[in-house]
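Chain order of the listed sequences is X and V.
Using our numbering, the letters of the first sequence correspond one by one to residues 80 to 310.
Using our numbering, the letters of the second sequence correspond one by one to residues 23 to 275.
By construction, these hints were calculated from the structure, which means they are not laboratory data.
Glycine is no exception: its CB is placed at the ideal position from the N, C-alpha and C atoms.
Here chain V is said to cover these stretches of chain X; the calculated rule only asks that three of the stretch's residues, wherever they fall, bring their Cβ under 8 Å from a Cβ of chain V: (1) 140-153; (2) 248-258; (3) 261-270; (4) 285-293.
Some residues of chain X that are not near chain V, with every Cβ distance over 10 Å (derived): (5) Leu133; (6) Leu192; (7) Phe233.
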Amino acid sequence: MRATGIQSDGLALPSQIATALCDLVADGEIYLRSVETVAPIAIGVLTGGTLGLLVGVWLGLSKTAAQLAWLSIELFRPIPPVAIIPLTMLVYGIGIRMEAAIIGFACFWPMLLLTRDAVTSVDVRLFEVARMLGLPRRKQIVKIALPAAAPRVFTALRLTLGIALIVAVTTEIAANPFGLGYAIISAGLSLRPDVMYAFLIWLAILGWLLNVGLTHLHRRLFGATAGEASS
Amino acid sequence: MSNWLIRLGSVLVALSIFVLWQLVTQAGLVQPIFLPSPLSTIASLWRGLTQGDLLALTMTTMERMFYGWMLASLGGTLLGGLIGLSRRARYWLTPTLELLRPLPATTLLPIGIALFGLQPRMLLGVIAFGAIWPVLLPTIHGFSAIEPRLHEVARNLGVSRLAFALKFGFPNALPDVVAGMRLSLTACLIITVVGEMVTAQEGLGTTIMMAARSFRSTDLFGGIILLGLVGIANNALLALIERIATPWRAAQT
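Chain X on its own, in the form it takes in the complex (with noise of 0.2 Å):
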């Protein structure tokens, strides 16, 4: 681009860029911006991961239970995310309430299906070996449930948290003018594809490092293999 003298709107040069992104890290902008994506995603995940998770490991237990739930969640799971994003704009006005919401509700259903799944394909006999011990139910699902099904779970939360950052960041671009999906749209119809790319440069970064860093937790959790049979 320097070499031809094109002028763009729509494009940077790395110099530049490289520079707009010093300059966001300096006046703390881009940490500021970060906080606000953060914030409602370590919500949403927290209660719409959770809530799948208590109704995964229930749809787990009970076969019965699964059974009379399949239509419902085959009912409302389809429904896209972003759908809701004017339904939340309406009940809760922008913000990190809304947002949450959203998130919460990406969550719910991946965090549901995995973890059901993980209780799911647990061993039989550790239930009979359980009953046959006498122990009680709740002890069951706190000792064998939830510790055999683990690091199928936490592959479920690795999941969740990636969808839960797409989530966020698309629904700063439509809708929720805060945080990083905000930032890059308004710089980049602001004209400053400078700021725009090193925006997107850090969610880049941010992205790979919460993989990077959530598949070493997990090897170190679970073990060497635990992080394989996932994607």
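Place chain V on chain X using the hints.
Leaving out everything else, chain V in the frame of chain X:
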């Protein structure tokens, strides 16, 4: 018999959710502006489909989604094949692809707007490009994971590279391609809806956004239900494709 009973039970559970929804709205526990009753939602949906332009808008959105999906699948398979079959291309390109992968596909929208402006073709391009990743990466893996001995056999028999790609590579990668296309279609629907919201192109995304902004909550819920139906239809279609394209896989699950 018991299977049939369980089906009936799950229908009843789903119905009871709607009944509960109706009861909650009738008792006035939630303001109707936030949660309209299911009956009035369905009435508004029916009105929109038969008299309004809701059907046309749904078709516009689905058309956009499908074109994007087709482009993404075709591009992803072709590129994935090229990269997967050449060890050098894999070596050079994989780090870049891995870096780009975690970026949410919707971040392409600001780039698309900045580079090409607000036009329908830009949106289609963003959908296709954003949805290419779920196809591309599994396809590369599928093409590169061919049994090395097949390579040797093919070379000894004098099979050309193109024939090798078509006769060995593609069948080997097909399950990965189909699985990728599955994720890709979901991504397409999401990017399409967001893209419509952001660029105000005609379609369901814009419709529900406008409904929410003007507090027409029955229309909003109708739109959400329609999008859910599109999602269900997508899942059904993909299950069908999977059964046809990779029957040995469907038999396993």
